[in-house]
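Enquirer: Sequence:
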Amino acid sequence: MTKPPPRFESEASSPADERQFFAQQKTGRRERPPELGGTMEAHYHGHRDRLRSRFREQGESALADYEILELILFRLIPRRDTKPIAKALLARFGTLSAVFGAPQHLLQEVKGIGETVALDLKLIATTAQRLLKSELRNKQVLSSWSAVIDYCHAAMAHETKEQFRILFLDKRNALIADEVQQQGTIDHTPVYPREVVKRALELSATALILVHNHPSGDPTPSRADIDMTKLISDAAKPLGITVHDHIIIGKDGHVSMKGLRLF
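In UniProt numbering, the protein residues as written are 1 to 263.
No lab work stands behind these hints, which were simulated from the structure alone. This one's a predicted model, so the numbers in the text were calculated from it and none came from an experiment. There may be inaccurate statements among the hints.
Said to hold, decoys possible - Keeping only pairs whose Cα atoms sit at most 20 Å apart, straight-line, the calculated EDC-like set for lysine to aspartate or glutamate is:
(1) 171 x 159
(2) 122 x 150
(3) 171 x 187
(4) 161 x 179
(5) 258 x 150
(6) 133 x 150
(7) 198 x 170
(8) 133 x 179
(9) 133 x 245
(10) 87 x 65
(11) 83 x 65
As the list claims (entries may be wrong) - So the derived label-pair ranges between C-beta atoms look like this:
(12) 239 x 111: 51 to 61 Å
(13) 115 x 237: 41 to 51 Å
(14) 96 x 193: 33 to 43 Å
(15) 216 x 193: 16 to 26 Å
For glycine and all other residues, C-beta sits at the position ideal for the given N, C-alpha and C.
Could you put the whole structure together from the sequences, leaning on the hints where they help?
Expert: Shown next, in the form of C-alpha cells:
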C-alpha cells in the first residue's frame, strides 16, 4: 500500500502552534520534499540575512514597516517565509501601530498567525506601553506633555471600546497612578464624577488628567464629553483637586479640551 505524502497544514486550518509544528519537522537544508514543490534550501534564508545586515548597518530608518514586522516574525515563526504574513498584517490593519494595537482574536484572523504568535505580538505591544509609561515616572507630567500623549495613544488609540482613563498627579504634578476607571461600548462610557473625586481623595491626588478614546477614530469631543468634563471639574475644585485637561484619543490624533477652552 502506497504511503500517503506528509500533510502540511496551514496555521489558519490547524489549531496547533506554528512553532511546535515546525519544531517537529526534521532539521536540515531540505524544507519540503521536491515532489511537493520544495527546494533544498528555503529561499527566504538569504533574505533574512540581508535584512538583518541592513538593519544592523543602517538602522531602522532603512526598513519599511513590513520589514520591521518580518524581523520580529523571524523569531516567532522561525521556519516559514514571514514576508507574506507581515504584508497581510499591514493590509488588514493599515499601520504598524494598528497591528500591535489590534485585539488578539483579530490578529488570529490573519493567515499564518496562531494563538501563540498573537500573544507574543500583544506582549511586545505591552512592553512598548510600559516603556512609554516609564517615561512619566518621577517627572512633572505637564512638562512632559508629548510623553503623555505618546503613552495614551499607544494604550488606547486602537481599543475597540471606549475607555475612560485617569492620570492622578501629586502636588508636584508627578504621576501617582494611571487607572482605567470605566470601559463602555463603541461610542459611550458611563462616568460618575463622584467616583472620580472619591478615588482622587483616596490617592491623595491634587490634580487629574482625564483621557478617553473614540473607537470611531475621530477625536472631536461630543456635547456629552464637554458636559461630563465640566461636572468632574466642578466637583473636584472645592476639594482642592484641579482637572488639568481632558484628552480625547483617536486613531490618528488627539484633542485637548483644555486647549480648545471647552471647560
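Enquirer: Each of the hints needs a verdict: does it hold here or not?
Expert: Results for each hint:
1. At roughly 31 Å between alpha-carbon atoms, residue 171 and residue 159 are farther apart than 20 Å, so this suggested pair is violated.
2. Annotation: proposed proximity of residue 122 to residue 150 holds, straight-line Cα distance about 18 Å (limit 20 Å).
3. Restraint check for residue 171 and residue 187: the C-alpha separation of about 33 Å exceeds 20 Å, so the hint is violated.
4. Pair hint residue 161 plus residue 179 holds up; C-alpha atoms about 16 Å apart against a cutoff of 20 Å.
5. For the hint linking residue 258 to residue 150, the alpha-carbon distance of about 18 Å falls within 20 Å, and the restraint holds.
6. For the hint linking residue 133 to residue 150, the alpha-carbon distance of about 9 Å falls within 20 Å, and the restraint holds.
7. Straight-line distance between C-alpha atoms of residue 198 and residue 170 comes to about 15 Å, which keeps the hinted pair within the 20 Å bound.
8. Using a Cα cut-off of 20 Å, the hinted pair residue 133 and residue 179 holds, with the two alpha carbons roughly 12 Å apart.
9. A C-alpha spacing of about 18 Å is found between residue 133 and residue 245, which places the hinted pair at or below 20 Å, so the restraint holds.
10. For the proposed pair residue 87 and residue 65, the alpha carbon gap of about 9 Å is at most 20 Å, so the pair holds.
11. Restraint check for residue 83 and residue 65: the C-alpha separation of about 11 Å stays at or below 20 Å, so the hint holds.
12. Between residue 239 and residue 111 the CB atoms are about 54 Å apart, so this pair conforms to the stated range of 51 to 61 Å.
13. Separation of residue 115 from residue 237 is about 48 Å and conforms to the stated range, judged on CB atoms against 41 to 51 Å.
14. As the Cβ distance of residue 96 to residue 193 is approximately 37 Å, the hint placing it in 33 to 43 Å holds.
15. Distance hint for residue 216 and residue 193: a CB-CB separation of about 24 Å, consistent with the stated range 16 to 26 Å.
The structure does not agree with the numbered hints 1 and 3 stated previously, though it agrees with the rest.
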